[in-house]
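Trainee: This is what each chain is made of:
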Amino acid sequence: MILQARNIVKRYPGVLALDGVDLDVAAGEIVAVVGENGAGKSTLMKILAGDVAPDGGDLRVDGRATRFGSPRDAIDAGVVLIHQELSLADNLDVGANILLGREPRTGPFLRRADAAVRAAAALRAAGLDLDPSASVASLGMGTRQLVEIAKALSTEARVLIMDEPTSSLTAAEADRLFETIERLRDEGTAIVYISHRLGEIERLADRGVVLRDGRFVRSFERDEIVRDRIVESMVGRDLAVDAGLRAGAGSHHGEARLEIRGLRTIRHPQHAVDLTIRSGEIVALGGLVGAGRTELLRAIFGIDRRVAGEILVDGESRRIRGPADAADAGIALVPEDRKSDGLLLDESISENLVLPGLARTAAGGVIRRPRAERGLAESLVTRMGVRPAIHDLLAGGLSGGNQQKVAVGRWVGCDPIVFLLDEPTRGVDVGAKAEIHALLDRIARSGAAVLAASSEMEELLAVSDRVVVMHEGRIAGTLARHDASESAIMRLATGGPAADVARSEIS
Amino acid sequence: MKRAGKILGVFGLLVATCVATSALTPYFLTAYNIENLLRRTSLFGVISIGAAFVIIVGGIDLSIGSVVALVGCLLPWLLVEHGVPIWFAVPGVLLLGLLLGLCHGLLVQRVRLQPFIVTLCGLLIYRGMARGVTGDQTVGFQNGFKGLRSLVKTRFEVPGLDGFAIPSTLLILVAIATLAVIFLRFTVWGRHLLATGRNASAARHGGVRTDRYVVLAYVICAGLAGFGGMLFILDVGSAQPADFGNFYELFAIAAAVLGGCSLRGGEGSVIGVIIGAALMQVLQNAITLIDWIPDNIQYAVIGAVIIAGAISDEGFRRLLLRRRTGTP
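Going down the list, the protein sequences come from chains A and B.
Just so you know, the first sequence maps onto residues 3 to 509 in the working numbering.
Just so you know, the second sequence maps onto residues -13 to 314 in the working numbering.
Hint data in this document are derived by calculation from the structure and do not stem from the laboratory.
Some hints could be false.
[Said to hold, decoys possible] Just the calculated beta-carbon pair ranges, DEER-fashion:
| hint | chain 1 | residue 1 | chain 2 | residue 2 | range |
| --- | --- | --- | --- | --- | --- |
| 1 | A | D417 | B | F302 | 41 to 47 Å |
| 2 | A | G317 | B | V167 | 43 to 49 Å |
| 3 | A | D215 | B | F233 | 52 to 58 Å |
| 4 | A | D339 | B | A2 | 41 to 47 Å |
| 5 | B | K139 | A | N93 | 30 to 36 Å |
| 6 | B | L85 | A | G317 | 40 to 46 Å |
Where is the CB? At the ideal position from N, CA and C, for every residue including glycine.
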């Protein structure tokens, strides 16, 4: 065993993040750590990498008890964490990033030739055919991820910890990453791999470890790693399959609540988009990355300027020059990037939940009523199932799934007529995902019109009454629930012709 | 909780400075000196509250001193040199302050210039205007306009306290501070302003008209700077355009930061800012009164105290954070 963690305990205010967790990692194996958001995976990884000090337990490297006071100590011991958010300085070139802080030098002067050789060697080890003098700014996300790995390898890392490495990669980039990971494993590196994407774990992992609520639940050997069994032990219950969620919703929807006529976004001004969503209807917006889904939602909500187009809410044309106008018209948007756009991370859960509806709770729309705000926040925390349900906790302290519940919940209090959501379950664990889906269903049943953009096929199919597929800025086709399938969506998303049945639905 | 801690910290520093000064010099705790301190604190408090608004939305205003100079010099220049009636001159110069703020706000929000640049240019431009308009000559009320000057010169004697009177400027500060507290803590607008400073994008996505709040903060800041400029000139009676109001923006920003405003935006307390402004005045006063501190090092002393305050504040914050999360 290279790395052994025994009985690790970590407390945060109000939460026992880790409650006596063990983890062993041997040379030449890939250990997958899975669990819902908030299960304690990230905390455990930060402890292994010296980012966070544990409150109890032992760490052993090569059998010797160790304490990591900082990430530097961990790196010196050969344990390197590659963060979920990439941390490359894109004003520097690739070689400079790889050797950052460990540049070969003579006195104050950089030994350039030496640096180039070492950076090139690290890039080769990571399986990257890249010139060290290339600029990081010009690289795609997948290549950047591999540069991070090269950086880790240049420190002679023996344990590589990867936290959701594929979250921003395309399928091809991810494949390349997997090949590199497998090769590193075969060369004797120990790899700890965290991902929500169970397909990746089925492919890569030699062993799986499941955490739930800060405790070790069970481990899986290579041949036991099967999606459904992992999900079951992650969640601790049988998941009601989402697929049936909208089955009872019926197709007799009410009046049109949102109508978009001839909308042209700045990004794709050549295409006019028309779309109508009725009361009680959930429309999923599918398409490949860059198809213009986010731009469409932002244009409806007034974040981005529109080149042309009319937006009608309940049959009435509304003038929307900004999000505030949209909110006044009864339109809500839950943005894609909840950390920067969806939440005030440094404010409490309740401050976040009441913000959009603040004027409604205030006397005369101006003077705040703390008791009314508190009541609203408490009821929203309960309705959204935010955990922990401590409403003066900072929103930044919540897990991804619970942050998302707050990002949705801050609009639920305003009873919007039109609910727009951009990737509502990105980076959210299986349990929270089901809760958010159920929430969308409830919102629709209460009579609102829901438009949700998602990159996940399963989600598109599970929660919607209709899938609208975009391709390069235009609506490529619409699929009713009974016609929608992964292949039909993919055909439209890649610019292929719609099936005949589907085409009749477009009108 | 966190805010209360910060205010308590700067308040402790103020009390400690007062106690130390009164132990070192018999002139500190005199009716005349205290009254004078209250008057000066009130005037600086007004412009510091303005600075706090801009800092809360994550901006900065370096032009405060020059707005003080421009408004402060224009008022006697209009009244004395040109015989403009009071009812026109006073609202006119106050409106000028608001308009300058509107320009700052629009340049920051619409043209997307950096606040530092916009208000640095303001600092230069308004100083130049003040000197140009007045021909760089001293302007003053020349013993006239007693009625107008009574706005800041009135004293309310406190019976039983020999010779001590409450200056009218204190009442002006209390009025403005009350309005500011009501705005920030009890109205939706204040909440929106704070949210804008905390994370403008998330606030905007939450339906807050963030652009308006940014502009509003600059209008309030320059408006209060102009109002403060009027109070300052009414107080001192005459001014030289070349140095009237010099460094006042730095005193205002220092008071705001000492009082708990974060330059990252989103945080600030009116009471804290006033205590910060008082601390600056007491320090200056102490240096003047204590014989063995040479007067010409006063900026060095003030700078050292502010940095000490910032260090202890940061240390305190980390201590709290460590207790809560256990991270080193």
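Trainee: Compare the structure with each hint and give your call.
Mentor: Hint by hint, here is what the structure shows:
1. Checked against the hint of 41 to 47 Å, the pair D417 of chain A and F302 of chain B passes, with Cβ atoms roughly 43 Å apart.
2. Distance hint check for G317 of chain A and V167 of chain B: the Cβ-Cβ separation is about 45 Å, which falls inside the suggested range of 43 to 49 Å.
3. At roughly 57 Å, the beta-carbon separation of D215 of chain A and F233 of chain B lies within the given 52 to 58 Å, and the hint holds.
4. Judged by the Cβ atoms, the range 41 to 47 Å given for D339 of chain A and A2 of chain B holds: they are separated by roughly 46 Å.
5. Distance hint check: the CB atoms of K139 of chain B and N93 of chain A are about 58 Å apart, inconsistent with the given range 30 to 36 Å.
6. With their beta carbons about 43 Å apart, L85 of chain B and G317 of chain A fall inside the hinted range of 40 to 46 Å.
Of the hints listed earlier, the one the structure fails to meet is number 5.
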